[in-house]
Amino acid sequence: MLLKELYDLYERLCASGENLPRPGMSVQNISYRIIIRPSGELVRIEDAREPEVVIKKSKKGVTEKTEMRMRTMLVPGESKPSGSGVNPCFLWDNPAYLLGCRELKDRAPEYFEGTRRKHLELEQEIDSPAYSAVCRFLEQWNPELCPAYIPTPDIYKGNGVFMLEGATRCVHEDSKVVEWWQANGEKRWRASGKKDKEIPQGLCLVTGKMSPIAALHSPSIKGVIGAQSMGAKLVSFNLSAFESYGKEQSDNAPVSEYATTAYCNALNYLMSRDSCRARLGDATVVFWTDAPQKDTADEMEMLIAGGLDADRVEAMDSELAAQVALKLQDIAHGKNVLDIGASSVRFFILGLSPNAARLSVRFYLTGTMGDFVRNLQQHYAALSLQRRGGKFNDSEIITPYMILRETARDAKEIPPLLGGALMRSILQNQPYPDAIALAVFRRFRADHNVNYNRCAFLKAWLSRKSSTYNVRPMLDETNVNPGYVLGRLFSILCRTQEDALPNVNRTVRDAFYASASASPRSVFPRILKTYNHHLAKMEGGRRVNREKLMQSVMGLITAFPAHLNLEQQGLFALGFYHQTQSFYTSSKQEN
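Quick note on numbering: the working numbering labels position 221 of the sequence shown as 202, and the sequence is numbered without any gaps.
Since the hints were derived computationally from the structure, they do not count as laboratory data.
Errors might be hidden in some of the hints.
[As the list claims (entries may be wrong)] Label-pair restraints from in silico Cβ distances:
1) ASP320 x GLU(-1): 23 to 29 Å
2) GLU458 x GLU(-1): 57 to 63 Å
3) ILE16 x PRO134: 18 to 24 Å
4) ASP457 x GLU(-1): 50 to 56 Å
5) LYS275 x GLU377: 26 to 32 Å
6) ARG150 x THR44: 36 to 42 Å
7) LEU101 x ARG3: 25 to 31 Å
8) ILE16 x TYR226: 51 to 57 Å
9) ASP271 x PRO134: 43 to 49 Å
10) PRO32 x GLU479: 48 to 54 Å
11) LYS510 x GLN411: 42 to 48 Å
12) PRO32 x GLU120: 32 to 38 Å
13) ASN123 x ASP28: 17 to 23 Å
Source: prediction; values computed, not measured.
Cβ atoms here follow ideal geometry from the backbone N, Cα and C, with glycine treated the same way.
Assemble the whole structure, with the sequences as input and the hints as a guide.
Structure representation (structure tokens):
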């Protein structure tokens, strides 16, 4: 069960010393601090962001740029709920609530008034000098002064906190404020100005214990590509069509408040770490293990990251990243990289896609690290193919995203369901989806680009589809399959034209690849008529060798089929690729 595994992850992380939010707390992006005196007088509004060096790779090279990154901070309360109502947060919020900035929201004065009222109502209960200073500030602050104090408009994008002049901690970190909040403060803040609603008790589906049931699962999950920046819900019931037996909201799937906080914060923790997150099509993929020791867990998580996107591991400048990169090379070469204990460690891979204010689970896969490494080795073995040299710089390790990228003209057009199907094929050693092969064939017809990544996938797709389609990584002159032989023949015809007419505008490949791979009988007789004209323009030994090669391939063909099915079209592409690469590879290199 997904929620139970995330709950267990939260407990392990807290036990290992990770500073994850406890119930009633959340991690927020802070971009500014409001510095005040004990009297409430404003000293300044300072930028709380941190400089970060961002390395960007492009065709022109590697460039470094310093950008300002928001500071993450543990604050009381959860993320601001959606809706048009006034929902101030306790001692932190955006400038519309804390300062009343009209530049951010038209209703900013109303928001500021709500913040002032709720904080002043609780001043006597909290009994903290630091908190009283905030109350004095809220009493005397004039929102019209915002433009004069805001150092840069960029801070409008984040939240702010209060800090006393000369202090080292923010007001919400004051001992008396923390003590009040942990005792009963969260309930008092939520109930301020409202009728206190009793929280129902129920059997939690995650812990199996009778506990207060959460009406809404919070905090919201942030970091999913394409989802709302304020976060989205993994579990929610917002319409009567999703409810049953008259139950409202999350009573339909009762989870305790503590378990809700635990699994949401564990998922946000994974989303915040580059080593535990990757992108696959429209899905954001997170992964983790149940290794008891943090160092072991980090290494295994980076190993999974490398299996999904090897470039991400290479970009991580650390000794561990270098070790993981070497292990990935060993996995690609079929070597065992795990000891007996590590092989039994379980892994979890979760794919999430945005769906309005909610999240869709594209796939959820589990297994042991031993299974992961074995299946990844078999996946790489199925993809093994002779790489192109020179300017192409083909990668030895083809990642799942590189395969999906070959199915569409643009990354945004990748079909959303292909990522989960591909991951199941890789991690469970199942046949690859026919839908991906169909998408690759469509790209062949559109751009005639028979490249390394596409052909490597087609080879893997055919090898798992049936043992009769076992194709070698390089040219196999003994393969007499009609599709493979016709692909070789088409490559010879294309190469002969290129040698005879090097600057021709429209090549045989551009004009006839799609039809030749699907309906050979209607195309090849026409192309063969031009072959002799092209051959006549070649001279010396090249002409003789080309004619010998042509005759050896033609000798394998008894008749041109009227049509080729999908599997034969895949073999056609591989035959074309292999024969084309053989023109650029010496026999010594091929051996």
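Each hint, compared with the structure:
For ASP320 and GLU(-1), the Cβ-Cβ distance of about 25 Å falls inside the hinted range of 23 to 29 Å, so the restraint holds. For GLU458 and GLU(-1), the Cβ-Cβ distance of about 58 Å falls inside the hinted range of 57 to 63 Å, so the restraint holds. Hint check: ILE16 to PRO134, Cβ distance near 19 Å, so the stated range 18 to 24 Å holds. Range check, ASP457 to GLU(-1): Cβ separation about 53 Å, and the 50 to 56 Å hint holds.
For LYS275 and GLU377, the Cβ-Cβ distance of about 30 Å falls inside the hinted range of 26 to 32 Å, so the restraint holds. Checking the proposed 36 to 42 Å range against ARG150 and THR44 shows it holds: the Cβ atoms sit about 38 Å from each other. In this structure, LEU101 and ARG3 meet the distance hint of 25 to 31 Å, their C-beta atoms being roughly 27 Å apart. Checking the proposed 51 to 57 Å range against ILE16 and TYR226 shows it holds: the Cβ atoms sit about 53 Å from each other.
Checked against the hint of 43 to 49 Å, the pair ASP271 and PRO134 passes, with Cβ atoms roughly 45 Å apart. A hinted range of 48 to 54 Å holds for the C-beta pair PRO32 and GLU479, which are about 53 Å apart. As the Cβ distance of LYS510 to GLN411 is approximately 45 Å, the hint placing it in 42 to 48 Å holds. Between PRO32 and GLU120 the beta carbons are some 35 Å apart, a value that agrees with the proposed interval 32 to 38 Å.
Taking 17 to 23 Å as the suggested C-beta distance range, the pair ASN123 and ASP28 conforms, at roughly 22 Å.
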